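Fit chain B to the known structure of chain A by using the hints.
If you're matching them up, the sequences are chains A and B in order. Quick note: the first sequence uses numbering that gives the first Met the number 0, first residue 0, plus one each step. Quick note: the second sequence uses numbering that gives the first Met the number 0, first residue 0, plus one each step.
No lab work stands behind these hints: they were computed from the structure. Quick caveat, the model's predicted, so the values are computed rather than measured. Idealized CB from N, CA, C, for every residue including glycine. Mixed in with the good hints, there may be bad ones.
To be verified - If we take Cβ atoms under 10 Å as the criterion, some of the chain A residues that face chain B in the derived model are:
no., residue
1, Lys33
2, Ile51
3, Lys56
Claimed, not checked - Cβ pair distances, simulated, as ranges:
no., chain 1, residue 1, chain 2, residue 2, range
4, B, Gln169, A, Glu156, 38 to 46 Å
5, A, Asp59, B, Ser201, 20 to 28 Å
6, A, Lys46, B, Asp20, 50 to 58 Å
7, A, Asn44, B, Lys26, 53 to 61 Å
8, B, Met161, A, Gly78, 41 to 49 Å
9, A, Asn25, B, Ile51, 23 to 31 Å
10, A, Asn25, B, Asp168, 15 to 23 Å
11, B, Asp20, A, Leu125, 48 to 56 Å
12, A, Pro86, B, Gln250, 52 to 60 Å
13, B, Gly210, A, Lys46, 51 to 59 Å
14, B, Ile304, A, Asp176, 35 to 43 Å
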Amino acid sequence: MASFATNEMRNGTRVLVDGDPHSIINNEMVKPGKGQAFNRIKMRNLKTGRVIEKTLKSGDSLEAADVMEIEVQYLYNDGEHWHFMHPETFEQYATSAAAVVDARQWLKENDICQLTLWNNEPLSVLPPNFVTLRISETDPGVKGDTAGTGGKPAKLESGATVRVPLFVQTGELVKVDTRTGEYVSRVKE
Amino acid sequence: MSWQPTASLAALKARAKLIDDIRAFFKARNILEVETPLLSASTGTDPHINAIQTKSGHYLQTSPEFAMKRLLASGSGPIFQICKAFRDEEIGQYHRQEFTMLEWYRPGFDHYQLMDETDALLQTVFDIHTAARRVSYQALFEHHLDINPHQVDIKTLRELAMQHHIFTDQLNSKDDYLDLLFYHCLQPTLQQATFVYHYPTSQAALAKIHGNIAERFELFLSGIELANGFHELCDPVEQQQRFNNDVAKRQQLGKAAVTIDQRFLAALEHSLPHCAGIALGIDRLLMITLNCDRIDATISFANEIEDS
Chain A
0 MASFATNEMR NGTRVLVDGD PHSIINNEMV KPGKGQAFNR IKMRNLKTGR
50 VIEKTLKSGD SLEAADVMEI EVQYLYNDGE HWHFMHPETF EQYATSAAAV
100 VDARQWLKEN DICQLTLWNN EPLSVLPPNF VTLRISETDP GVKGDTAGTG
150 GKPAKLESGA TVRVPLFVQT GELVKVDTRT GEYVSRVKE
Chain B
0 MSWQPTASLA ALKARAKLID DIRAFFKARN ILEVETPLLS ASTGTDPHIN
50 AIQTKSGHYL QTSPEFAMKR LLASGSGPIF QICKAFRDEE IGQYHRQEFT
100 MLEWYRPGFD HYQLMDETDA LLQTVFDIHT AARRVSYQAL FEHHLDINPH
150 QVDIKTLREL AMQHHIFTDQ LNSKDDYLDL LFYHCLQPTL QQATFVYHYP
200 TSQAALAKIH GNIAERFELF LSGIELANGF HELCDPVEQQ QRFNNDVAKR
250 QQLGKAAVTI DQRFLAALEH SLPHCAGIAL GIDRLLMITL NCDRIDATIS
300 FANEIEDS
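Here chain A stands alone, though its shape is the one from the complex (with noise of 0.2 Å):
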């Protein structure tokens, strides 16, 4: 079975850890001038997102974890599952709410995700760095105001609630950043 030395954890580098996957996030080795070398290891879950921390003797090593990421295109939810579909093999997959649960306020159909999959099994979805969504409702502003001032909340035909400028009304079009959830710009149809 593949495994990973302590000096070959890198951050990013996927291990098992309790029968988790877990993405490696820092390695640091630590050695008392005579004394065993040490490597104190931060790891995130990558079903629960949490972060812990083990420690190993430095040359020991974890089982690898068969984790990777694809693109994949959203097609729809079905009030239970979400749907992704690979654009070039066809090969859907169907997710739990609990791999959505920080993407599906940005998810739009259609738009290219990336899903992590886990011995072929989806994990997580990430959304796309930027999205364009359609404001579904946001309090009429005044006129003449500019970017730049408090701004108002909108809520977005995806479910996000985002902060946009005064002057952004209910029907147009914006650009969001999903890493931040910020509002970036309004776009023209």
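What follows is chain B alone, placed relative to chain A:
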């Protein structure tokens, strides 16, 4: 891959000044500066230190200790050296495989006197007038973890590691647990300059053993291990015995076999004067001087191998 230095010009200037200050300190005390080979036919036996070996089977030195002790045995009197040392696979926030070491020896000194002198050096390079704190290894464990490190059993140490949320696979050595607890629970408390002295005999390395303690000390500053000093073992029979123990331990750990330094043993048989010696990491001292948290910021080209 970057051709540019990992250290700023300010860091390089600070390094040059630090080395000037160190040389001036030892010169004022009539301590002779020496050079010893970086490339050697033999190496140390420490089971946790791996030497880098050349194609011809020679070793890049992991410390200049044995060669400097041969100078002492030949009647050199007090000596110091600033040199490169090499340790395979030691790469991290505080480690580089190639690093700069200050090592010095004082015939006639014990470890207390050498702590005094090390403290004087620290006060000189930092231009301060406060003495470092001194605390025994035992007192430190008693104060923070409520255990006597010389008497505690491995089961208690294992439970203590769990209690402090140090998740690790089971370790089979008491010293490994002591190191682990020291690193996680004690070292972060050593922010002001602190000498920790009298280590367990199982961690004596090349220090004299007196009763149930090894006459060894370490210096910590800003939570960083900076130096390691010994009241030096001079007895050739005991030295040979420790080499044998190390060789057995290396075998047990599956480490590469090493060639024992017979010239060093011959020098001990001739007679090594009673002395104390210490090795101090110059790069780490610079980290503290510059208030930076990565060793590579103190070294002109720190990532030559890692990045290639």
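Hints and how they fare:
{"no.": "1", "hint": "Lys33", "result": "5 Å, holds"}
{"no.": "2", "hint": "Ile51", "result": "7 Å, holds"}
{"no.": "3", "hint": "Lys56", "result": "7 Å, holds"}
{"no.": "4", "hint": "B/Gln169 with A/Glu156: 38 to 46 Å", "result": "54 Å, violated"}
{"no.": "5", "hint": "A/Asp59 with B/Ser201: 20 to 28 Å", "result": "22 Å, holds"}
{"no.": "6", "hint": "A/Lys46 with B/Asp20: 50 to 58 Å", "result": "54 Å, holds"}
{"no.": "7", "hint": "A/Asn44 with B/Lys26: 53 to 61 Å", "result": "57 Å, holds"}
{"no.": "8", "hint": "B/Met161 with A/Gly78: 41 to 49 Å", "result": "44 Å, holds"}
{"no.": "9", "hint": "A/Asn25 with B/Ile51: 23 to 31 Å", "result": "26 Å, holds"}
{"no.": "10", "hint": "A/Asn25 with B/Asp168: 15 to 23 Å", "result": "19 Å, holds"}
{"no.": "11", "hint": "B/Asp20 with A/Leu125: 48 to 56 Å", "result": "52 Å, holds"}
{"no.": "12", "hint": "A/Pro86 with B/Gln250: 52 to 60 Å", "result": "57 Å, holds"}
{"no.": "13", "hint": "B/Gly210 with A/Lys46: 51 to 59 Å", "result": "53 Å, holds"}
{"no.": "14", "hint": "B/Ile304 with A/Asp176: 35 to 43 Å", "result": "38 Å, holds"}
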